[in-house]
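Colleague: Please construct the entire structure, taking both the sequences and the accompanying hints into account.
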Amino acid sequence: MNAKPFDITTDVAWCPGCGDYGLRNIMLDVLADLHLNSENLCFVSGIGQAAKSPQYYDVNYFNGLHGRALPAAVGIKAANPDMKLIVQSGDGDIYGEGGNHLIHTIRRNPDMTVIVHDNMVYGLTKGQASPTSNQGMKTPIQTAGVSAFPFNPVALAITMGATFVARGSVGDKEKTKEVIKAAILHKGFALVDVFQACVSFNKINTHKWYKDNTGYIPEEHQKNDRLKALSLAFSEEPFFLGIFYQVEGIKIFEDFISVYENLHEPLYKRNRNMSVIKEIMDQKK
Amino acid sequence: MSNIFNELTIMLAGEAGAGVQSTEAILLSLIKNAGYNVFATKEYMSRVRGGTNSITIRISGDRIFNQNGEPDIFIPFDLNAYERYKNDLSANTLTIADKKVINNENIFDLSFNEIALTVGDKIYSSMVVTGTVCGIIGTEIEDLKLHIIKRFEPKGEQIVSNNIKAAEAGYEEGRKIVKNSEMEIQIKRSNNVRDEILLSGSESIALGALAGGCDSIFSYPMTPGTGVFTALASWATQAGVVVEQAEDEIAAINMAIGAWYAGGRAMVSTSGGGFALMTEGVSLSGMTETPVVIHLAQRPGPATGLPTRTEQGDLNLGLYAGHGVFARAIFAPGSLEQAYELSRHAFEIADKYQSPVIILTDQYLTDVFYNSPEFKLYPSPKKHIIEASEGYKRYDIGQGVLSPRGIPGYGIGRVCVDSDEHDESGRITEDLNGISLKMKNKRFMKLSLLKEAALVPDLYGCDDYETLFVCWGSILSIAQEAVLKFGKKSALLHFKQVFPISGEASDFFRKAKQIIMIENNQTAQFKNLLEHEIGIKIPISILKYNGLQFTAGELYDRIKEVV
Chain A
21 MNAKPFDITT DVAWCPGCGD YGLRNIMLDV LADLHLNSEN LCFVSGIGQA AKSPQYYDVN
81 YFNGLHGRAL PAAVGIKAAN PDMKLIVQSG DGDIYGEGGN HLIHTIRRNP DMTVIVHDNM
141 VYGLTKGQAS PTSNQGMKTP IQTAGVSAFP FNPVALAITM GATFVARGSV GDKEKTKEVI
201 KAAILHKGFA LVDVFQACVS FNKINTHKWY KDNTGYIPEE HQKNDRLKAL SLAFSEEPFF
261 LGIFYQVEGI KIFEDFISVY ENLHEPLYKR NRNMSVIKEI MDQKK
Chain B
48 MSNIFNELTI MLAGEAGAGV QSTEAILLSL IKNAGYNVFA TKEYMSRVRG GTNSITIRIS
108 GDRIFNQNGE PDIFIPFDLN AYERYKNDLS ANTLTIADKK VINNENIFDL SFNEIALTVG
168 DKIYSSMVVT GTVCGIIGTE IEDLKLHIIK RFEPKGEQIV SNNIKAAEAG YEEGRKIVKN
228 SEMEIQIKRS NNVRDEILLS GSESIALGAL AGGCDSIFSY PMTPGTGVFT ALASWATQAG
288 VVVEQAEDEI AAINMAIGAW YAGGRAMVST SGGGFALMTE GVSLSGMTET PVVIHLAQRP
348 GPATGLPTRT EQGDLNLGLY AGHGVFARAI FAPGSLEQAY ELSRHAFEIA DKYQSPVIIL
408 TDQYLTDVFY NSPEFKLYPS PKKHIIEASE GYKRYDIGQG VLSPRGIPGY GIGRVCVDSD
468 EHDESGRITE DLNGISLKMK NKRFMKLSLL KEAALVPDLY GCDDYETLFV CWGSILSIAQ
528 EAVLKFGKKS ALLHFKQVFP ISGEASDFFR KAKQIIMIEN NQTAQFKNLL EHEIGIKIPI
588 SILKYNGLQF TAGELYDRIK EVV
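Here the protein sequences come in this chain order: A and B. Residue numbers for the first sequence follow the working numbering, beginning at 21 and rising by one. Residue numbers for the second sequence follow the working numbering, beginning at 48 and rising by one.
To be clear, the hints were calculated from the coordinates, so they are not data collected in a lab. Keep in mind that a hint or two might mislead.
To be verified - Quick list of in silico lysine-lysine cross-link-like pairs, DSS-like style, CA-CA up to 25 Å:
| id | chain 1 | residue 1 | chain 2 | residue 2 |
| --- | --- | --- | --- | --- |
| 1 | A | Lys146 | A | Lys228 |
| 2 | A | Lys298 | B | Lys197 |
| 3 | A | Lys304 | B | Lys202 |
| 4 | A | Lys289 | B | Lys429 |
Stated by the list, open to error - Simulated restraints, written as ranges between beta carbons of each label pair:
| id | chain 1 | residue 1 | chain 2 | residue 2 | range |
| --- | --- | --- | --- | --- | --- |
| 5 | A | Asp53 | B | Gly371 | 36 to 42 Å |
| 6 | A | Ala23 | B | Asp478 | 27 to 33 Å |
| 7 | B | Asp478 | A | Lys228 | 35 to 41 Å |
| 8 | B | Gly348 | A | Ser251 | 46 to 52 Å |
| 9 | B | Ser483 | A | Glu194 | 36 to 42 Å |
| 10 | B | Glu200 | A | Gly269 | 36 to 42 Å |
| 11 | A | Lys298 | B | Asn238 | 17 to 23 Å |
Stated by the list, open to error - Covered stretches of chain A (in silico footprint by chain B; criterion: 3 or more residues with CB under 8 Å from a CB of chain B, positions within the stretch not fixed):
| id | stretch |
| --- | --- |
| 12 | 60–67 |
| 13 | 73–80 |
| 14 | 117–128 |
| 15 | 276–287 |
| 16 | 296–304 |
Beta carbons: idealized from backbone N, C-alpha and C, even for Gly.
Modeller: Written out as structure tokens, the structure is:
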């Protein structure tokens with residue numbers, strides 16, 4: 021049996037040594053370990069180096085516009101609630117261009133997993149600041165250093181009511197695999213922020229930096245303790261890794277759609293009952 | 048002054064929230080069910096409370112599709128309403144108002160506020176007015192009572208009986224007004240009208256969407272596009288429609304495209320400003336060859352413009368929205384029936400040609416109400432999708448311009464789509480002279496297919512015309528009436544598809560000695576498009592762009608000025 025059933029041989033556009041490879045390997049292992057049904061699995065991404073990830077798996081995918089992965093994913097979920105959805109994209113895509121969509125997709129709590137490559141810099145456009153860049157980081161645009169505070173995706177997701185919030189690091193393959201597996205198995209919206217290095221454009225947040233500045237959430241942390249999760253999310257010394265928050269049994273987006281109340285069949289299998297047109301016209305008499 | 052009325056136009060105006068809209072809702076259905084043809088338009092200020100709203104109801108024995116000139120009867124609810132519209136009246140307009148509120152010797156006194164207080168509360172004043180209008184027209188009081196019982200029963204017996212008292216008192220006043228002003232209302236009634244449907248432009252678009260198999264709508268509220276969103280939401284459970292209010296229009300169109308990708312048949316409904324935000328999504332639909340249906344209800348711009356008024360000013364926006372080259376189709380209904388038919392057709396075209404399709408309406412069309420014969424019923428639409436087998440390629444060029452569209456989860460093949468330039472399997476490519484160029488050409492070829500499928504414009508009037516009037520979209524019925532009145536070997540050509548232009552359209556122009564364009568915008572956008580697409584010259588345009596639709600009478604006068 022193929023150890024990595026979702027792997028394909030293809031021309032990859034990433035720089036040698038890029039953290040994206042590490043996350044790709046993690047994802048291929050996770051997909052294999054979870055024995056996901058490939059027909060019923062779909063990846064969604066936006067634009068950026070990370071957003072190319074689905075290209076490099078043997079999966080269904082929708083590689084849409086910059087920042088718009090989440091709305092496209094919500095549309096897919098609305099049309100086929102049983103589709104297993106994984107959004108895989110970068111910090112610029114999900115936290116920058118798509119920030120508003122992140123807030124409102126969390127509020128809907130659709131059953132999907134959002135994995136964000138967080139390397140604290142823009143790679144595809146060559147080295148500008150990302151929403152998660154450290155203050156003071158100099159770039160070709162932010163020549164005097166980044167002035168804005170870094171975006172805190174973990175704290176935002178917890179406050180908005182995300183039902184699963186975690187962080188991984190490409191530097192720790194095994195533990196990150198377990199976090200992502202838990203996210204995929206979670207019913208509801210799951211966000212996994214994944215630290216990784218950008219070897220070409222980020223000379224501050226290197227592999228070593230991530231190793232030195234991260235630590236695991238203490239084992240005694242109760243995952244359903246939202247306030248405690250939030251206080252862990254605010255920590256920068258170290259940046260915590262692991263599952264900050266998880267709450268189960270919360271009604272999901274798909275459960276609110278009346279169309280699926282009695283029948284979970286996706287829209288493509290359905291045909292309009294045309295007698296309803298006549299019924300509505302009769303109501304308009 | 049002739050006191051015999053074969054038809055009647057009644058205008059009600061008052062502060063938003065004062066009951067003009069509830070009066071309208073009751074009156075329209077009562078008048079229609081009494082066997083009269085009815086046509087109603089609204090004019091409202093962009094406010095929820097205060098300001099002045101008006102509703103104009105034209106009642107006729109003949110089928111009517113538009114307003115025609117000044118009202119015969121004007122009922123202002125307050126002084127502001129009177130001041131706002133007093134210059135829009137004719138010398139023959141009978142103004143009916145509460146003289147304690149509007150002190151003018153030329154008005155007929157109807158002390159509806161006092162009557163309402165006698166019944167119990169000022170809130171019944173709009174029901175007094177409803178009764179008065181019924182009394183003037185001469186619909187049966189029993190019908191009004193039944194309607195009141197049906198409408199107010201859940202609110203309790205007291206409310207029902209007070210409303211009935213208010214309606215009866217108003218009705219009596221209405222009969223008195225008819226008698227005292229020596230009006231003779233002789234509007235023909237027809238049993239056929241009773242069996243007809245009475246609905247708005249927005250509802251017709253929404254119903255057409257259902258007939259086209261629409262199973263999901265993703266939108267952000269924006270006047271005048273909201274009506275379609277609301278109508279589909281009201282039928283969601285009954286018809287099986289997924290309804291989601293997006294956080295913005297960018298999300299809305301990306302959700303709709305995501306839904307189509309996953310096998311849904313989605314639409315978005317918006318206006319110019321919202322559509323401007325959607326333009327990148329239009330381009331995404333073009334690039335990924337994922338269908339999407341967009342209802343774009345125009346209002347005057349730029350920017351926020353005049354939110355509650357009408358214009359045909361966004362044709363160019365619809366035509367050119369989205370970066371890059373890709374094919375699209377734009378339909379522009381001119382009646383409720385066309386709204387239904389074209390909305391249905393839009394889904395078929397979007398699905399078959401895997402392209403964005405725009406239904407271009409405006410505030411005027413979305414807000415009109417009138418009675419129509421029932422719309423045609425169709426079989427359930429055929430879906431242009433296939434089961435993806437092993438090795439499936441979404442953009443297979445071996446299968447011609449239209450690569451069969453697979454759906455993720457339907458079959459074992461992978462369905463991969465990309466907003467980047469892609470190869471047949473949907474993976475990113477930069478093979479500029481190879482597959483990249485082939486994909487560009489394949490997408491461009493769809494424009495020819497859409498042109499072949501384009502609807503031929505409709506000619507109204509004589510075949511041996513010398514003067515050809517041309518219009519598109521919501522002006523249809525108004526132009527028909529004005530051109531008919533003008534006569535003199537003229538005809539009207541109406542485009543219900545404005546892009547691509549049907550190849551057969553040029554024949555109509557060849558026969559004409561004189562061509563005159565009629566548009567509800569400032570720069571004759573469709574004229575410019577026609578000149579470019581067909582290579583003709585149209586020297587005269589009659590344009591209006593103050594935020595209001597033409598009236599037939601006004602258009603007739605404008606025609607006489609230029610011909």
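Colleague: Does each hint fit the structure? Answer for all of them.
Modeller: Consistency of the hints with the structure:
For the hint linking Lys146 of chain A to Lys228 of chain A, the alpha-carbon distance of about 21 Å falls within 25 Å, and the restraint holds. At roughly 22 Å between alpha-carbon atoms, Lys298 of chain A and Lys197 of chain B fall within 25 Å of each other, so this suggested pair holds. Of the supplied pair hints, the one linking Lys304 of chain A and Lys202 of chain B holds, its CA atoms being roughly 23 Å apart against a limit of 25 Å. About 12 Å separates the Cα atoms of Lys289 of chain A and Lys429 of chain B, which keeps this hinted pair within 25 Å; it holds.
At about 41 Å, the CB distance of Asp53 of chain A to Gly371 of chain B agrees with the hint of 36 to 42 Å. Roughly 32 Å separates the CB atoms of Ala23 of chain A and Asp478 of chain B, a value that falls within the hinted 27 to 33 Å. Evaluation of the 35 to 41 Å hint for Asp478 of chain B and Lys228 of chain A yields a pass: the beta carbon distance comes to about 39 Å. The hinted range of 46 to 52 Å is satisfied by Gly348 of chain B and Ser251 of chain A, whose Cβ atoms lie roughly 48 Å apart.
At about 41 Å, the beta-carbon gap between Ser483 of chain B and Glu194 of chain A stays in the expected band of 36 to 42 Å. Distance hint check for Glu200 of chain B and Gly269 of chain A: the Cβ-Cβ separation is about 41 Å, which falls inside the suggested range of 36 to 42 Å. Between Lys298 of chain A and Asn238 of chain B the beta carbon distance is about 20 Å. The supplied range of 17 to 23 Å therefore holds. Only residues whose C-beta sits within less than 8 Å of a C-beta in chain B count toward coverage, and the stretch 60–67 of chain A has 4 of them, enough to reach three; the restraint holds.
For the stretch 73–80 of chain A, the stated coverage by chain B is satisfied: 5 residues place a CB nearer than 8 Å to a CB of that chain, which reaches the threshold of 3. For a cut-off of 8 Å, the count of residues in the stretch 117–128 of chain A with a CB near a CB of chain B stands at 4, and the three-residue condition holds. Remark: the stretch 276–287 of chain A is confirmed as covered by chain B, as 5 of its residues place a Cβ nearer than 8 Å to a Cβ of that chain, reaching the required three. Three residues within the 8 Å Cβ limit are the bar, and the stretch 296–304 of chain A against chain B gives 7, so the coverage statement holds.
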